[in-house]
Amino acid sequence: MMKALVHVNESHKWQMAVANIKNLAKAEQITEIALLLNGEAVELILEPANLDQILSELAVYVCNNSLKQRSIDPSSLDPILTVVPSGVVKLVELQEENFRYIKP
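FYI, the numbering for the sequence shown is 0 to 103, going by numbering that gives the first Met the number 0.
No wet-lab data here; the hints were simulated from the structure. Careful, some of the hints might be misleading.
Pairs of lysine-lysine, DSS-like flavour, derived with a Cα cap of 27 Å [what the hints assert, rightly or not]:
(1) LYS21 with LYS2
(2) LYS2 with LYS25
(3) LYS102 with LYS12
(4) LYS25 with LYS102
(5) LYS12 with LYS67
(6) LYS102 with LYS2
(7) LYS21 with LYS102
(8) LYS25 with LYS12
(9) LYS12 with LYS2
(10) LYS67 with LYS25
FRET-style restraints, in silico, Cβ to Cβ [unchecked claim]:
(11) GLN28 with ARG69: 33 to 41 Å
(12) GLU46 with LYS67: 27 to 35 Å
(13) GLU27 with ASN64: 29 to 37 Å
(14) PRO84 with GLU42: 17 to 25 Å
(15) GLU39 with THR81: 14 to 22 Å
(16) GLU27 with GLN68: 36 to 44 Å
(17) GLU95 with LEU57: 15 to 23 Å
Even for Gly, the Cβ is constructed at its ideal location relative to N, Cα and C.
All chains should be modelled from the sequences, with the hints used to inform the complete structure.
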């Protein structure tokens, strides 16, 4: 069984990332999927329709450094999101937990 990590840091890659996540969710051998957003892609979470496109059981991590750079208050975000201090550090941690890295 495998775990997948989808990393998005460019807003224009969102639809491809959503398609990747949906395809991964259909695969029996994938047991867990995580999504990490940093850079300009954190702005995507301000649009509720974008969150509706992802699975509710998906772990979604958002970089607090990127939020700060854009003056986005983490407490204003949807509770399904997990704000992490540093997106790049979380990427390394998840890869240490045997998540396979995917960058659309």
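Hints, one by one, checked against the model:
| no. | hint | in the structure |
| --- | --- | --- |
| 1 | LYS21 with LYS2 | holds, 14 Å |
| 2 | LYS2 with LYS25 | holds, 13 Å |
| 3 | LYS102 with LYS12 | holds, 9 Å |
| 4 | LYS25 with LYS102 | holds, 18 Å |
| 5 | LYS12 with LYS67 | holds, 22 Å |
| 6 | LYS102 with LYS2 | holds, 14 Å |
| 7 | LYS21 with LYS102 | holds, 14 Å |
| 8 | LYS25 with LYS12 | holds, 20 Å |
| 9 | LYS12 with LYS2 | holds, 21 Å |
| 10 | LYS67 with LYS25 | violated, 35 Å |
| 11 | GLN28 with ARG69: 33 to 41 Å | holds, 37 Å |
| 12 | GLU46 with LYS67: 27 to 35 Å | violated, 20 Å |
| 13 | GLU27 with ASN64: 29 to 37 Å | holds, 36 Å |
| 14 | PRO84 with GLU42: 17 to 25 Å | holds, 19 Å |
| 15 | GLU39 with THR81: 14 to 22 Å | holds, 19 Å |
| 16 | GLU27 with GLN68: 36 to 44 Å | holds, 39 Å |
| 17 | GLU95 with LEU57: 15 to 23 Å | holds, 20 Å |
The structure fails hints 10, 12 (numbered hints given earlier, in ascending order).
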